[in-house]
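Work out the full structure, taking the sequences as your base and the hints as a guide.
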Amino acid sequence: MPNWIDVAAEADCQLGKSLEVVAAKRMVAVYHTAEGYFATDGMCAHQGGPVGQGELCGNIVTCPWHGWQYDITTGKHQLSSIHLDCFPVKVEAGRIWVDVPADD
Numbered sequence: 001m002p003n004w005i006d007v008a009a010e011a012d013c014q015l016g017k018s019l020e021v022v023a024a025k026r027m028v029a030v031y032h033t034a035e036g037y038f039a040t041d042g043m044c045a046h047q048g049g050p051v052g053q054g055e056l057c058g059n060i061v062t063c064p065w066h067g068w069q070y071d072i073t074t075g076k077h078q079l080s081s082i083h084l085d086c087f088p089v090k091v092e093a094g095r096i097w098v099d100v101p102a103d104d
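Residue 1 is where the sequence shown starts when you use my numbering, and the numbers rise one by one after that.
Hints may be right or wrong, so weigh each one.
Derived DSS-like pairs: lysine-lysine, alpha-carbon spacing no greater than 25 Å straight-line [claimed, not checked]:
no.	residue 1	residue 2
1	Lys90	Lys17
2	Lys90	Lys76
3	Lys25	Lys90
4	Lys76	Lys17
5	Lys76	Lys25
Here are the simulated distance ranges between beta carbons [what the hints assert, rightly or not]:
no.	residue 1	residue 2	range
6	Ser80	Gln53	32 to 40 Å
7	Ala93	Asn3	14 to 22 Å
8	Asp85	Gly36	26 to 34 Å
9	Glu10	Gln47	27 to 35 Å
10	Ala93	Trp65	32 to 40 Å
11	Glu92	Ala24	13 to 21 Å
Think of the hints as simulated: they come from the structure by calculation, not from any bench.
C-beta: ideal position from N, C-alpha, C; glycine also.
Here it is, written out as structure tokens:
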């Protein structure tokens, strides 16, 4: 069952940038690229670094702590089979919504 959460205004996440938000008690990173908006788990799989504070280059985000890189469209780490969870994103009436499973 979808759990759409209003996380930000479109103006809060500029093209080529990312944004950290809390949704359903999780840190989520929201990204804005030329292809649209994407969302992943906001904590790096390596040591929990703030992925949403990392540099975004195209569809690749680099965690600022230790340089781990992920494809934001798939969550896949660039050098291994490790991945971040990805979440559906939609934009309605100038607001960014992310479908994050509810914390049970």
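Evaluation of the provided hints:
1. Lys90 <-> Lys17: 17 Å, holds
2. Lys90 <-> Lys76: 21 Å, holds
3. Lys25 <-> Lys90: Holds, at roughly 19 Å.
4. Lys76 <-> Lys17: Holds, at about 19 Å.
5. Lys76 <-> Lys25: 23 Å, holds
6. Ser80 <-> Gln53: 32 to 40 Å: 22 Å, violated
7. Ala93 <-> Asn3: 14 to 22 Å: 19 Å, holds
8. Asp85 <-> Gly36: 26 to 34 Å: 18 Å Cβ-Cβ, so the 26 to 34 Å window is violated.
9. Glu10 <-> Gln47: 27 to 35 Å: 31 Å, holds
10. Ala93 <-> Trp65: 32 to 40 Å: Holds - the Cβ-Cβ distance for Ala93 and Trp65, about 35 Å, lies within 32 to 40 Å.
11. Glu92 <-> Ala24: 13 to 21 Å: The hint (13 to 21 Å, Cβ to Cβ) holds, given that Glu92 and Ala24 are roughly 18 Å apart.
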